[in-house]
Amino acid sequence: MSVIDVTDLRKAYGGRTAVDGVSFSVDEGEIFGILGPNGAGKTTTVECVEGLRVPDAGRVRVAGLDPVADHAEVTRVLGAQLQQSELQPKLTVREALELYASFHPRPADWRPLAERLGLTAKLTTRFAKLSGGQKQRLFIALALIGNPRIVVLDELTTGLDPRARRDTWELIEDVRAGGVTVLLVTHFMEEAQRLCDRIAVIDQGRVAALDTPAGLVRRSAGATVISFTPSAPLDDAHIDALPGLASAARKDGRITLSGTDDTVNAVLTLLARSHVTAHQLRVTDATLDDAFLDLTESPA
Amino acid sequence: MSTGPVNTAVLRTEFRLFRREPAGIFWIMLFPTLLLAVLGSIPSFREADPALGGLRPVDAYVPVTLLLGLIIGGLQGMPPTLTGYRETGILRRMSTTPVRPSALLAAQMTVLGAASLVSALLTLAVGRLAFGVALPRQPLGHLLALLLALAASLALGALLSALSRTAKIATAAGSAALFPAMFTAGVWLPVEAMPELMADIVGWTPFGAAARALDAASAGHWPGAAHLAVTAGWAVLLTAGAVRWFRWE
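Heads up: the protein sequence lines correspond to chains A and B, in order.
When we follow full-length UniProt numbering, the leftmost residue of the first sequence carries the number 1, and every step to the right adds one.
When we follow full-length UniProt numbering, the leftmost residue of the second sequence carries the number 1, and every step to the right adds one.
Some hints here could point you the wrong way.
Stated by the list, open to error - Restraint ranges, calculated between C-beta atoms of paired labels, are given here:
hint	chain 1	residue 1	chain 2	residue 2	range
1	B	F15	A	K129	20 to 28 Å
2	A	K129	B	K168	18 to 26 Å
3	A	G132	B	A23	23 to 31 Å
4	B	I25	A	E98	39 to 47 Å
5	B	L189	A	K129	43 to 51 Å
6	B	W204	A	T120	57 to 65 Å
7	B	V6	A	Y13	27 to 35 Å
8	B	K168	A	P162	35 to 43 Å
9	A	A128	B	I25	13 to 21 Å
10	B	A172	A	G159	53 to 61 Å
11	A	T7	B	F26	50 to 58 Å
Think of the hints as simulated: they come from the structure by calculation, not from any bench.
These numbers were taken from a predicted model, which means no experiment stands behind them.
Glycine included, each C-beta is placed from N, C-alpha and C at the ideal position.
Put together the whole structure using the sequences plus the hints.
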């Protein structure tokens, strides 16, 4: 059953189109990622879901509610972590947690949440004195404090160190295990790959692809990467003629090719036929990174 | 949980935050009384002046310093805070919760209004105890004039923050409005002592009219309906402007 439905969403600022016909739906209990380059329309899309922006056209439903017309009801089921949204500079962490907990009918206990996010030692620190990562963790806590059914996280782990990032990912997985639906905006491929059940890749205001992380990788032209150092030079013309070849690069005598499984077989045949040995031969799956670049390649 | 315009948790928080602003406390709550104390300690300010209808300058300055506290609260306290709340996305974050961001606006007005009224009480007390200035002889009319002036000041502050894009601009706008407001309230020359034409013109401004109303109430008369109406009219007009132009983000 879907809890977020976005159908043909459009939004322009002045003359510039930010979102140009985006559609997707998020199932209950799913972690759904929105991935895309800067300025692709990711934040505008989720702001329409949060009811912070009024769509020019299209339909948005959150738990069956219209985020603009039924804004008050939507705020009770949806928690949001926003980009570029601060707190009063002299408000302490504890005061912020207590204040935002008081806004909700059935808030979570803020103590374990603060503990989980590593904020316990900072409870009496004022917001202005927190580091970027501490502020970010506090924002995550505020998004979760109302015990929402749906949580929207925009740039979840921006500004966090690798350790805090991993802890936050675990927290989000736990939150989902509790039945919460997560809509995650990110440009960290590792984060999307680790957390998301499905990902919508948004580019220039449109959905360029919507699939599981593995599905997106399989879809990309260079899904398999083969690299080796040949014992003798290979003819460029032979390499360029390989079936399914998506890209080829040479660096310091090492050749890196991406393509399909056919490409890999053809490379092995070529090596055997040319009596060339491949030193340090590696065949790997492309990463989500590669798939992403492939999908969002701008023609310009 | 409350979804009304006034949320007690937000109000408590804004009150707590106000207490952490020593500059705000000084300028709104202490500076006007301090000014009265400095003026009152000048010997000539304690001698009756025929230009003031036989009042001593220190008597005439009590209503002026009362207004000064309200003006500083509205014009210096409100615009940078409120515009800053919008600029840094505090209002925006609040609009994703069941509490409306208008709760912050209401809390700011309540806190600054209360601080301005405490400032007024302090001024009256110091005037009475240190310089023997009589308490307002028409207390109800005095209170009414004071509340209308407070409403006008807060509304002007809200309008300035509505029209300012950044907290920096809001601070500058507040300071720019402060001097004419102080002048019309009679900080440099009490309205009673102004030349007739100037006093008539100043009588059409929100704080000039409020000064005349306070003078009347101090002397024991019910303030003139025209003066109360001018201040009230400004309060309504400025509030309408603030509502019309205020943006939550």
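Which numbered conditions among the earlier hints are violated in the structure presented, ordered from lowest to highest? Going through the list in order, the structure violates hints 4, 10 and respects the others.
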